[in-house]
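2 protein chains.
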Amino acid sequence: MTYELYYWDGIQGRGEFVRLALEDAGADYVDVTRVPGRGTGEMLKLMDSTDEAHVPFAPPFLRDGDQIVSHVANILLYLGPKLGLAAKDEASRWFANGLQLTITDFVAEVHDTHHPIATSKYYEEQKEEAKDRAFEFVTNRIPKFLGYFERVLAQNPEGSGHAVGSDTTYVDLSLFQVIEGLRYAFPKAMRHYEPQYPALLKLHGSVKARPNIAAYLASPRRLAFNENGIFRRYPELDIEP
Amino acid sequence: MTYELYYWDGIQGRGEFVRLALEDAGADYVDVTRVPGRGTGEMLKLMDSTDEAHVPFAPPFLRDGDQIVSHVANILLYLGPKLGLAAKDEASRWFANGLQLTITDFVAEVHDTHHPIATSKYYEEQKEEAKDRAFEFVTNRIPKFLGYFERVLAQNPEGSGHAVGSDTTYVDLSLFQVIEGLRYAFPKAMRHYEPQYPALLKLHGSVKARPNIAAYLASPRRLAFNENGIFRRYPELDIEP
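Those protein sequence lines, which keep their order, are chains S and G. First residue of the first sequence? That's 53 in our numbering, and the numbers climb one at a time after it. First residue of the second sequence? That's 53 in our numbering, and the numbers climb one at a time after it.
Heads up, a few of these hints could be off.
Because identical chains share one entry, a pair is satisfied inside a single copy or across any pair of copies.
[Unchecked claim] Lysine-lysine pairs mimicking DSS-like chemistry, simulated, CA-CA at most 25 Å apart:
{"id": "1", "residue 1": "K97", "residue 2": "K240"}
{"id": "2", "residue 1": "K173", "residue 2": "K196"}
{"id": "3", "residue 1": "K196", "residue 2": "K97"}
{"id": "4", "residue 1": "K183", "residue 2": "K140"}
{"id": "5", "residue 1": "K240", "residue 2": "K140"}
What the hints contain is simulated information worked out from the structure, not anything from laboratory work.
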């Protein structure tokens, strides 16, 4: 069965965390809104359905036959075992899901650096507040979150090469994407901070070198970061820590 | 085994979504930071641990023997089957987790109405921005989220009395808490909106009348809402829709 991923076309956004898992596993999937003849309309129709019992609030969501699963962490929890990207034992799976939810929170904070007041308004309408929020983000939130993930790697009893256990899980792939996104959006801040997080950077490098990930990153399926996504490069928000 | 819930003392906050499930099920649990002789120090010590493999990023987290589970939705996913508050079939459990994650996002937006710029600063230092963010929240976000939850109830093939299936799940308890919190923080806005969400209000009433919930709400274990929590009553943010 082909997995159907539904997400906004044209951006990496939150969908990218799911794509990385599907790509790493070489899974059979389609990005519905990018399929000629299907597109965003099909996604919106499903979201607006008045008889679908398990209607999703927002993209991304995954359809696997009759099963609809929404929210990144939920999708990855669902796909993890099927793609061979889940933690091995149950105790570690609860931990992995907690980590993924911390990543979710961090990504929401990244979004709010350019939209601190209203998602319904343009960045240009909230630039001043965005500068203040980005100051807080760069000064306090980046080190708080990255420092936590670095600790998680350092305290992994099975070695600092992975977030959970001794093998690659979807959490590792998501941490790679977090570093990629931060480097795009906050290059100055990241140059300052990176030396403090050696394990995280090593993990980023090892994920990037995984054959299926490397092939994906080099393919047209990997969209470039841009200023419609979650991670946006606005130089005025890339504050010197 | 006694469940140990770790959360900031003195507020309902995010911990309350877990408490409601534990209380409804009559589970054996302790609220660690409120136990004389234990307190917040014990929670912080665990969070600061340099050898705990499954260290949590932030409260709330739950300890069940050796298992630590963090993040509200993760804790409820873990506790659901143990407390008899999970959806019956697997397909519905994925949907329930998605709903709980939508509630998580909504609660984060409630928090940001009074802290749009910096969690490290006082509300008083971001009052102007809070007014703008609360305007967006009251005007667009309350109806978007409550409208979605109302649809979920209306489209439940087993009847609009529950979010998932034909029985009470932890999602119902959380929706009760969302309504309680919004009524506390945004009474004017809620008086305006409530008539639009009859199924949600009926669910709120039926949860409130559940014997264990009623007993809990009348007990000293249920703290009052206050201006240190997530749902805060600042009249200047309670905008007329």
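Each hint tested on the structure:
no., hint, verdict
1, K97 - K240, "neither (41 Å within a copy, 34 Å between copies)"
2, K173 - K196, "between (28 Å within a copy, 15 Å between copies)"
3, K196 - K97, "between (40 Å within a copy, 17 Å between copies)"
4, K183 - K140, "neither (42 Å within a copy, 47 Å between copies)"
5, K240 - K140, "neither (38 Å within a copy, 50 Å between copies)"
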